[in-house]
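Undergrad: These are the residues of each chain, in order.
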Amino acid sequence: GAVVSQHPSRVICKSGTSVKIECRSLDFQATTMFWYRQFPKQSLMLMATSNEGSKATYEQGVEKDKFLINHASLTLSTLTVTSAHPEDSSFYICSARGKQGTLLNYGYTFGSGTRLTVV
Amino acid sequence: TQLLEQSPQFLSIQEGENLTVYCNSSSVFSSLQWYRQEPGEGPVLLVTVVTGGEVKKLKRLTFQFGDARKDSSLHITAAQPGDTGLYLCAGQNSGGSNYKLTFGKGTLLTVNP
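Residue numbers (this note's numbering), protein chains in the order written: chain A, 1 to 119; chain B, 1001 to 1113.
So here's chain A without its partners, still in its complex pose (with noise of 0.2 angstroms):
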């Protein structure tokens, strides 16, 4: 089946540094990626979504110069972080989504998420 794969899994880092995440699809091609932010116990909130080898198109909220959103390649995304701050501090999640019918859940796979806490 489809695969994902997201890293890192968890990282910590200091305020003011940027950290990046990466999503690659290991099985099929990712014609778009959506990344989401997640808080304990609470639903996804979407971010932004991107299409390969274009600008990425953010949700109304999420500032584009802080979520750097980079995805040059079909089975590579990436979300930066950039001067982190604690209340960055998040459950970080990647969902790729296929050529429509190509894939037998419509399209979309996640990512395992990324754990960040900025200290």
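One or more hints might be untrue.
What the hints assert, rightly or not - Dumping the calculated EDC-like pairs for lysine to aspartate or glutamate here, alpha-carbon to alpha-carbon at most 20 angstroms:
| no. | chain 1 | residue 1 | chain 2 | residue 2 |
| --- | --- | --- | --- | --- |
| 1 | A | 41 | B | 1083 |
| 2 | B | 1056 | B | 1071 |
| 3 | A | 41 | B | 1054 |
| 4 | B | 1105 | A | 59 |
| 5 | A | 20 | B | 1041 |
| 6 | A | 41 | B | 1038 |
| 7 | B | 1100 | A | 52 |
| 8 | A | 66 | A | 27 |
| 9 | A | 41 | B | 1005 |
| 10 | A | 14 | A | 65 |
| 11 | B | 1100 | A | 59 |
Quick caveat, the hints were computed from the structure, so don't treat them as lab data.
Take the given structure of chain A and dock chain B to it, following the hints.
TA: Then chain B, alone, in the frame of chain A:
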């Protein structure tokens, strides 16, 4: 903006009991998915329902999609401690941009032995 109202938000039951989780919307979705998520992990797809009125069964889990494709339910029979987790419904609107999923707020289920 499409919204999915999911209820209940929290549910704590004893092993062997039955339960139902609901997702309701005023919008029509082309498909609706149910996920289960464990702490520190990404959501795992349980089922996708596409046709209005569709019923799908996955062992002790029964999923239903409303006739108008605006609502869905998840029923668990004889719940077990292993069913504990966060259950999420998510609707897809193929008419929208990029096939975004709209997530419900989730139901945190705890099944006590």
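Undergrad: Now look at each hint and say whether the structure bears it out.
TA: Hint check:
1. At most 20 angstroms may separate the alpha-carbon atoms for a hinted pair to count; residue 41 (chain A) and residue 1083 (chain B) meet this at roughly 16 angstroms.
2. Restraint check for residue 1056 (chain B) and residue 1071 (chain B): the C-alpha separation of about 14 angstroms stays at or below 20 angstroms, so the hint holds.
3. Restraint check for residue 41 (chain A) and residue 1054 (chain B): the C-alpha separation of about 29 angstroms exceeds 20 angstroms, so the hint is violated.
4. Using a Cα cut-off of 20 angstroms, the hinted pair residue 1105 (chain B) and residue 59 (chain A) holds, with the two alpha carbons roughly 17 angstroms apart.
5. Restraint check for residue 20 (chain A) and residue 1041 (chain B): satisfied, since their Cα atoms lie roughly 19 angstroms apart, inside the 20 angstroms limit.
6. Taking the CA atoms of residue 41 (chain A) and residue 1038 (chain B), the gap is near 10 angstroms; set against the 20 angstroms cutoff, the hint holds.
7. The suggested pairing of residue 1100 (chain B) with residue 52 (chain A) holds, with an alpha-carbon distance near 15 angstroms, which does not exceed 20 angstroms.
8. Annotation: proposed proximity of residue 66 (chain A) to residue 27 (chain A) is violated, straight-line Cα distance about 30 angstroms (limit 20 angstroms).
9. Straight-line distance between C-alpha atoms of residue 41 (chain A) and residue 1005 (chain B) comes to about 16 angstroms, which keeps the hinted pair within the 20 angstroms bound.
10. Distance restraint check for residue 14 (chain A) and residue 65 (chain A): the Cα-Cα separation of roughly 19 angstroms lies within the 20 angstroms cut-off, and the hinted pair is therefore satisfied.
11. Between the alpha carbons of residue 1100 (chain B) and residue 59 (chain A) the distance comes to roughly 11 angstroms, so the proposed pair stays at or under 20 angstroms and holds.
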